[in-house]
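Visitor: Starting from the given sequences, assemble the full structure and let the hints guide the process.
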Amino acid sequence: MTDQISPTEPAKPAKPTKGQRTRARVLDAAAELFSGSGFHAVSLRDIAARAGMTHAGLLHHFPGKEALLIEVLGRRDREDAHVIFRLDPDTEPRDFLAQLVGIAHRNMNTPGLVGLHAKISAEAADPEHPAHRYFVERYRLLRDRLTRAFAALAARTDPPGDYDPALTAQMLLAQMDGLQTQWLLEPDAVDMRAAMVAFFARLGLDFSDVPAFPNLHSGAPPEPPHHP
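Going letter by letter, the sequence shown gives residues 28 to 255 in the numbering used here.
Don't read these hints as lab results, they were simulated from the structure. Note that the structure is predicted; figures quoted are calculated from it, not measured. Fair warning: there could be bad hints in the mix.
Pairs of lysine-lysine residues, derived as BS3-like cross-links and limited to a Cα-Cα distance of at most 30 Å, are as follows [as the list claims (entries may be wrong)]:
1. LYS45 to LYS92
2. LYS146 to LYS92
3. LYS92 to LYS42
Guide: Next comes the structure, spelled out in structure tokens:
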């Protein structure tokens with residue numbers, strides 16, 4: 028019989044094991060190097076040296092560079108999924124979309140990860156790139172969930188929202204990616220959060236009070252907002 032956890036008494040996060048701490052150190056080193064030089068220019072020996080370990084020690088935790096890249100890319104997605112992907116875009120579209128503003132705000136404090144996604148997603152346009160399938164599936168999933176959220180919102184307004192949910196989803200993703208590139212080039216001139224708030228305001232959504240999405244490595248899991 029498994030222990031039951033009371034919903035009013037959340038379980039304390041378990042202290043990371045030595046192996047988990049080592050893996051996290053390797054992922055941090057890989058993210059830094061991949062974001063600076065791209066996938067192909069970085070070797071496993073480079074990553075091992077940056078993480079302060081031997082090449083053999085790194086291979087004990089990760090079977091190869093491709094597996095390490097996918098793990099690096101997926102780590103932040105899994106953190107964000109704690110909130111975003113437990114929200115149903117069909118029944119909670121405002122809450123689902125609001126989280127994107129919080130993530131844009133959070134990303135303004137994580138230039139390394141923003142740079143990683145910008146650089147590797149561009150490289151991954153090549154079908155032979157190891158991250159090609161990852162990004163294809165990621166965008167496919169995001170387009171689907173955003174389309175459902177915008178369709179649900181349009182159906183609830185009177186008169187119904189005058190926009191194409193699928194095209195609006197594509198436009199939002201394009202804006203998010205374009206803002207990241209502009210912000211990386213000139214961070215003092217581009218406010219990703221403000222641009223996202225302005226985008227949603229044109230759809231009649233006021234997300235100006237949405238807080239920054241926290242880093243789950245350093246804080247408690249966030250709760251989704253609830254808009255009336």
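Visitor: Now tell me, hint by hint, if it's right for this structure.
Guide: Verification of the supplied hints:
no., hint, verdict
1, LYS45 to LYS92, "holds (22 Å)"
2, LYS146 to LYS92, "holds (16 Å)"
3, LYS92 to LYS42, "holds (27 Å)"
In summary, the structure agrees with every hint in the numbered list given earlier.
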